Each structure stands twice: as structure tokens, then as C-alpha cells.
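These protein sequence lines map, in sequence, to chains A and B. First residue of the first sequence: 0, per numbering that gives the first Met the number 0; consecutive thereafter. First residue of the second sequence: 0, per numbering that gives the first Met the number 0; consecutive thereafter.
Please keep in mind that the hints were generated in silico from the structure rather than gathered at the bench. Just so it is clear, the structure is predicted and the values come from calculations on it, not from any experiment. Hints are not guaranteed to be accurate.
Distance condition first, Cα-Cα at most 25 Å in a straight line; then the derived DSS-like pairs of lysine-lysine [to be verified]:
#1 K162/B with K444/B
#2 K271/A with K444/B
#3 K64/B with K271/A
From chain B, some residues computed to sit far from chain A (all C-beta separations above 10 Å) [what the hints assert, rightly or not]:
#4 N80
#5 Y87
#6 E133
#7 Q135
#8 G395
#9 K435
#10 L472
Backbone N, C-alpha and C define an ideal beta-carbon position, used for all residues, glycine too.
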Amino acid sequence: MLPKEGQFRDPSGCAVTGVIDRSGRGMTGEGMIEAISVMHDRSNGLGGGFAGYGIYPHYKDFYAFHLFYDKKEAQEGAEAFIRRHFEIVYSSEIQTRKLPSVTDEPLIFRYFLAPLPQKLANSHLDEREYVARCVNRINAEIAGAYVFSSGKNMGIFKGVGYPEDIGRFYRLEEYEGYAWTCHGRYPTNTPGWWGGAHPFGLLDFSVVHNGEISSYDANRRYIEMFGYKCTLQTDTEVITYIIDYLVRRRGLTLEETAHVLAASFWSTIADKGEEAKEQETLLRRMFPSLLVTGPFSIILGYTGGLMALGDRLKLRSMVCAEKGDRAYISSEESAIRKIEPNLDRVWSPAGGEAVVFELYGKGGLAR
Amino acid sequence: MNMYIQPEYEVIRNSDKCIACRVCERQCANLVHSFDSETGKMKADDSKCVNCHRCVCLCPTHALKIVKSDDTYKINANWDNQTINEVYKQANTGGVLLSSMGNPKPYPVYWDRMLVNASQVTNPPIDPLREPMETQLYLGKRAAKIERDEQGKLKNTLAPQLKLKVPVLFSAMSYGSISYNAHESLARAAEELGTYYNTGEGGLHKDFYKYGKNTIVQVASGRFGVFKDYLESAAAIEIKMGQGAKPGIGGHLPGAKISADVSETRMIPQGVDAISPAPHHDIYSIEDLRQLVYSLKEATEYKKPVIVKIAAVHNAAAIASGIARSGADIIAIDGYRGGTGAAPTRIRDNVGIPIELALAQIDQRLRDEGIRDEVSILVGGSIRSSADVIKAIALGADACYIGTAALLALGCHLCRSCHEGKCNWGIATQRPDLVKRLNPDIGYKRLVNLVTAWNHEIQEMMGGMGINSIEALRGNRLMLRGIGLTDTELNLLGIKYAGESM
Ligand code: SF4
Ligand code: SF4
Chain A
0 MLPKEGQFRD PSGCAVTGVI DRSGRGMTGE GMIEAISVMH DRSNGLGGGF
50 AGYGIYPHYK DFYAFHLFYD KKEAQEGAEA FIRRHFEIVY SSEIQTRKLP
100 SVTDEPLIFR YFLAPLPQKL ANSHLDEREY VARCVNRINA EIAGAYVFSS
150 GKNMGIFKGV GYPEDIGRFY RLEEYEGYAW TCHGRYPTNT PGWWGGAHPF
200 GLLDFSVVHN GEISSYDANR RYIEMFGYKC TLQTDTEVIT YIIDYLVRRR
250 GLTLEETAHV LAASFWSTIA DKGEEAKEQE TLLRRMFPSL LVTGPFSIIL
300 GYTGGLMALG DRLKLRSMVC AEKGDRAYIS SEESAIRKIE PNLDRVWSPA
350 GGEAVVFELY GKGGLAR
Chain B
0 MNMYIQPEYE VIRNSDKCIA CRVCERQCAN LVHSFDSETG KMKADDSKCV
50 NCHRCVCLCP THALKIVKSD DTYKINANWD NQTINEVYKQ ANTGGVLLSS
100 MGNPKPYPVY WDRMLVNASQ VTNPPIDPLR EPMETQLYLG KRAAKIERDE
150 QGKLKNTLAP QLKLKVPVLF SAMSYGSISY NAHESLARAA EELGTYYNTG
200 EGGLHKDFYK YGKNTIVQVA SGRFGVFKDY LESAAAIEIK MGQGAKPGIG
250 GHLPGAKISA DVSETRMIPQ GVDAISPAPH HDIYSIEDLR QLVYSLKEAT
300 EYKKPVIVKI AAVHNAAAIA SGIARSGADI IAIDGYRGGT GAAPTRIRDN
350 VGIPIELALA QIDQRLRDEG IRDEVSILVG GSIRSSADVI KAIALGADAC
400 YIGTAALLAL GCHLCRSCHE GKCNWGIATQ RPDLVKRLNP DIGYKRLVNL
450 VTAWNHEIQE MMGGMGINSI EALRGNRLML RGIGLTDTEL NLLGIKYAGE
500 SM
């Protein structure tokens, strides 16, 4: 029998796409499903998933946990843990649609949670760190339970299957959000575990990624120094942790984070203006082990925005486009054209160049 | 009774080729060769030959070769010839056996039991001739606070670091143990390569202050040549706690090597043995080390990184963890195969552990404790090729020190007789007639060639792995696989076995 995801390293090729309406208007998940279906051949039916932002307006102040349970006992264990650490404001099984192409699904539950104030105070942690650690503990300690989404007013939906089928399975046409990302997976091994599908999420960060990074173990062994555990052994997981570490824990801007992850070559930095030279050199000297090499293109989703970033040699395709308030990111232009044939602007960002689209006037993470 | 010991090597002269030019006679400081005026032929005294190959290389007609003597005692797997001879020698003299260069014993070489990965299909290799392939790096502390100025720009809160254009430095070899010309070659090569050479514990000759920005100065237990200008001239300061070739003991430079110039540089009397004690007498524990680290930093106004060099010994990981918390910026670890100008044979051959295992354990320990960013790791003893460099960095080193390989580039033939002070290649000697055989104009160029060639090879291998920055290779152990190793060895190295996938 093949080992489960996380017991070995599983590089995969993929398709990624994302959309944001910068005015904050809601879009159903249907558009993403249509877009990703064009890139059907970039996936192989072994993983698909979506992240939607702004989808839980009625519970926007609570952490929305999505969990997979392999078995009933896992649910009991996880819920006992959750009750010890959080107030459960609302919980239910996530509504799905039976499809012949989506099989072997686990139990899928959703909880809206508020940390227990006393527990939080006793932990001497900031609230987000408290929640992140709880997620880690459930995933590491409770066999058969897996938290795959844990942010506020956002949610990840993923599973084993082609992404368009996964989208319909989760009935994403019934959700409305201002931003969506989507992922179709082409793993080179076949574990078929739902938790191994993407996006990967930590709090409100979600990452979809296409590529296979060559710096993986250097990045992993470094980031694990700071309390992260790369249990899934995927690129997406380690990249998410790097972003979380740099942005949330160290307070870097997204642009600075991009200069760490996909740092310009020293020769390029030498040709830059004084300020850029000084800042980028400093970032490379501070965080050399978080440089990511090898092909990747990622879309980072977060509260209020999306960021596209590709590796510094641009070894993976990535297209950005705009139409009015909407901005699009995709592995292939065809996916964007499918949902918006008339674009104001289409371009391919340079390798290592971060492209950030944020809600107007919300003071997102970009500088 | 002085037991006769058959020489280990024989000088073979092809009399058809020899033209009796007497070059070998003039070249051999050991006085092996002589001209017999009666027969008009050259003679050789094998008992004096150290097998440095000087004559073999310089003979104009290639008439010479040195062969291992086939004379043998009765074959005995336990008592081999050398072991028996050493007993005879000690019974003859009552002395401690001395040797030089690194441990030559057939212990496992772990570098040769690790294989490197390459990209196929799912991830493209990168061609270093077409794309940038970065081998530049910085050494020092990386742990720093994020602070911003009024405009929100990041402030430089980093401690001083060393910038290297290549992941290779020249390791500590003192003026005294090696010659002026050898030092000049190393200093000039370091400058041209954008890296560093290391003065060793012998002080810095006044002529070489001009290479200060490529110089690491050493502070060892003898404190030879240490004073304000010395510390200030350097790019970094290395505290030598130990050396891989002779862990646990100090140094001994025979009076014969203390020439007028060496005596001035070391600040000790001419012709008297220079003894460095086994411990630093102001460092009997880790707190004391911290005080020395900070004294040196105070003395140089916190402008230079401080390196602490230790020999790889059984408890290296815990020691390194203590050093990382002592304020040091860089830890240098020297493996048991590291070279030396002179060491007791028994210590050289039996004390210490392989650098590969020490490195793997230290890197992992510092990560487990979350303090890997407090220090950079330099390894040496012995790094023999670019492949060793790649493997060391993938195991977790920041960069590598090379000593023996650098001397080989200068002409050394590993005769392991440095302690006799008569190096025919002008390296491990202070005799002016021998020193002048090493031309620094040529020597430095050969060092530059060597490191440049290695750097190209490193770039090729990195490109093959799809890695275009040496920093993304550091600690990237998934790029390594073991071969011919036990489970314990694999665990210690933190790598998988060849054939195991990701
Ligand atoms: S150098 Fe060669 S040719 Fe000249 S005397 Fe010696 S062995 Fe003969
Ligand atoms: S430096 Fe000289 S004496 Fe020492 S091993 Fe090399 S050739 Fe022999």
C-alpha cells in the first residue's frame, strides 16, 4: 500500500487561478469552477480545491474551522479538544452534493469558533498564534482529524477529484465572496488523501501553488525552527509557513516577503537604485534560508487581497489581467478569457515580481 | 642497540635515462641524492627519502620514480610493518612519534558514501552558462530584529557579516609553520577570489596588513602576535579552541622554524620553540569563552565577526550549542582528517571524529534548539573537492575551509614531513633557499585556478539540482542519499538511503 500524504514528499504539477473584485462585490464560486475546467489537462483528478474570501459575512468575527474526519472517533476527539479551547458559536456538517466522480469522501464539518478568553489569557499568546497552535495540535495529535481551513470570513474547500467536480461537490455556486482562488492538482504520486489537496491554509492565509521547488528541505528545516511542523511534506505547506512567519510573525510587507521568497539575483540587485539595493540586500542577508528556488507560481489569498508570485527564473507560467474592478490571476490566460473574454489589460509578471490586488481603501498587507 | 629499519620507499633511477645532471641532488633538502665521481653515476640514500616527489617532478629526463619497498616482515594482519617499525623507533629513542598533515588511516570517508541528486522531468535543471548561478553568501549571525525608520524602511540591525564570493575559504596555517611565500600566495588568492585566508596562530607579517580585508586573524592559546593593530587589520577574528589534527593538545613550533622574521611576527625570541598550551589559560569553561568573545568584540568596537574554532569531538553538538550562545558569530569545526604542521602521531590518528558526522549533528542540534541563525557554520578537515563542498553545504555547512587542498595547489605532495622543516616545495619551511622555490606570483594563480574550477563544478552540480543559489542548498539534506551506510550512520547524517524516494 502506498503511504499516506505526509509520510513521503510528493511534488506535483498543477493549475492555479484566482479572482478578486476590488470593490468588494460578491461573486459565487461558479466562475472559478468554469475557469479551472478549461485547464482540465493540467490536473489529473487527484486533487482540486478552492478558497473563498468574504463568504461568511454573518460569522465574520469567528474563526471558521473546516475539518475532515476519517472516522467518528476522530470527530469525538477533535470536538473535545475544540471545546476545551474555544467557544463553539455554530457547527454543522458541510453541505455537499453526491457526484459519481467524487468518491470516498471523509466526514466534513464546519465550526465557527471564538477562543476561550481565560485559556487565551493563560497561554500568553496573541490570539492568532493561539489559534494556529490549536490547529497544529489537532492535526498532529488527533489521528484521523484534519483542520484544512481556519481563517475568519473565509473558507477552503478541497478534495480528491478534478477541481470542477470538487467545486460542484461543495456546492460553491451557493457561496458568495469577493475573492476566490482555485487549484487543480497533478501529483506525481497517488495518495488520494483529501487533506493533501490544495489550497493549503493557515488562519486566513491560503496558498495555491504550481511547481516543484528545489529548495524544499533547506526551507523546511529552517522554518521548523520556529514551531512549524511540515507534516504534509508539500511545497505549498512550506511556502504558506514561510509567508505566515514573515508577514504575521516578523511583520514584513508582502513586497518584502516576495524579495525573500523570490529574491532578485545579486547581479540584478547591484543594478538597482540605492534604496532598493540596500533593502533587498538586507532581506537576503537576514533570511537567506527562505529563498525558494526551482519552479513555482503561487497565489496567496488573505483577508482583503490576493498576491501572485512566481520564481525568479519564471520557470512556471503566470498571467494577470484586469477588467474594471476585477483582477484575475491564472496559470493560463485561457482560464481568464473563459470567464471574462473582454479584458482591459493582460500581462505576464516578471519572474520574482509580486503582483498584489487588494480591496480598495482597506489597508491590506501591501506597503 | 639501534634497530635498523628498512626504508618505506625506494628511489628508483632509470640509468638509461639519467644524464647525471645533478638536479635531484640540488633539489633534495634531505640529501638523498649524491654524485659518485668515481663511477660518474648518481646514487640515492633511500633511508633519507620522505617521498615528497620533488626530484621526480624536476628531473629533466623523468628518470626517477619512488616505489613502496616490497621488503616486509612476516605478514601479520595485526602487527603490520608500520606498527612494528614504530615500536622499534620508540624503543630506539624513547620519544613521542611525530607526524604532520592529516590522519592517513583507512577510516570511512563519509563524503564518498553520499550521492547528490539531480532534476529530471518534474523540475528543470538550470544551465549555469545561461542563467545566474549564485555562489555568493554571507557568514555571521542572521538573527536580527525587524526595525523600521520613519519612512517604514527596514533598518540594518544585523551584526557584522563576512561576504564571500565563493563558499570556500583558506583555513588557518600560521606563518612559521608555513613560509612567507605560501602566506603571500594565500593572501593574494583570497583577495582575488573574494574570500578569506586565515593567519593561524602565528601573527600577521607586517607586509601582509594590506590584505586585511581578506584576512581572518587567529587568537590561539599561545596568543602569538596578538595586539591591537593585528586585531584591527582583519576582517574577522578566530578564537582557536582546537584543531582537528590534534584535539585536546596545543601546538609546538620547533625553534628551527623561528627565523628572525617569524620571531618578530610572533613576538617571541628567535630560535626558541614556540609552545601553545593545550587550553587557553583564561578559558576553562563556556562562560570564560563568552568573556573572550566579548573582549575581542569590545577591542574591535563590534565591527568584526568572531569565529570560534573547535576540533570535531564526541560531544561536538553540545559544545557548538554552547558556542552559539556565547556571542560568537561563526563556528568553525575541524574534522579529524584536518592537516597540521606537526602533531603527535597517536593523537593525529586516533583522536576526534569525522567532520561529516560532527557537522550533521551540530547543524541539527542548533536547529532543534532554534539557534541556527545565531551562528554560521564553517567546516574543514578534510574537504578534498568541489563535491565535498556541495555535500557539506547540503548537510548544513555555510562554507568550507580548505587547507591541505590549498597546499597541494602550491606544490605540496603530502609527504607528511612538515614537522622536519625541510619542505622541498618551499611551503612548510623557513629555509630561505627552499622558501624561494615557491613563487607567490605563480602560487597565488594556482590557488585562484583551483577555487575557480571548484566553483564552476559547484555551479554545475547546483544547476543539475535545479538550485540557483548556494543558500537554497544549505541544509537541503533531501539532495543527499547515503550508500554503503548503516542505519545509525544514516540517522546521524540525517539522510536517506540511495533509492529511497523523496
Ligand atoms: S635529476 Fe634526473 S637526470 Fe638529473 S641526476 Fe637526478 S635522476 Fe639523473
Ligand atoms: S607541505 Fe611540504 S613537507 Fe609538508 S607534506 Fe607538503 S610537501 Fe611535505
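Quick rundown of the hints versus the structure:
Taking the CA atoms of K162/B and K444/B, the gap is about 21 Å. The hint holds against a cut of 25 Å. For the hint pairing K271/A with K444/B, the CA-to-CA distance comes to about 33 Å; that exceeds 25 Å, so the pair is violated. Our distance criterion of 25 Å between C-alpha atoms is broken by K64/B and K271/A, whose separation comes to about 59 Å. At roughly 47 Å, the least C-beta separation between N80/B and chain A is larger than 10 Å, which holds for a residue marked as non-interface.
Consistency note on Y87/B: stated as away from chain A, and its beta-carbon is indeed over 10 Å from all of that chain's, at 52 Å minimum. Under the 10 Å C-beta cut-off, the non-interface status given to E133/B relative to chain A is violated; the minimum distance is some 6 Å. The non-interface label for Q135/B is inconsistent with chain A: the shortest C-beta to C-beta separation is roughly 5 Å, within 10 Å. Against the 10 Å criterion, G395/B falls within the reach of chain A, whose nearest CB is about 8 Å from its own CB.
Its beta-carbon lying about 40 Å from the closest one in chain A, K435/B satisfies the requirement of being farther than 10 Å from that chain. The beta carbon of L472/B sits about 7 Å from the closest Cβ of chain A, which is not more than 10 Å, so the claim that it is off the interface is violated.
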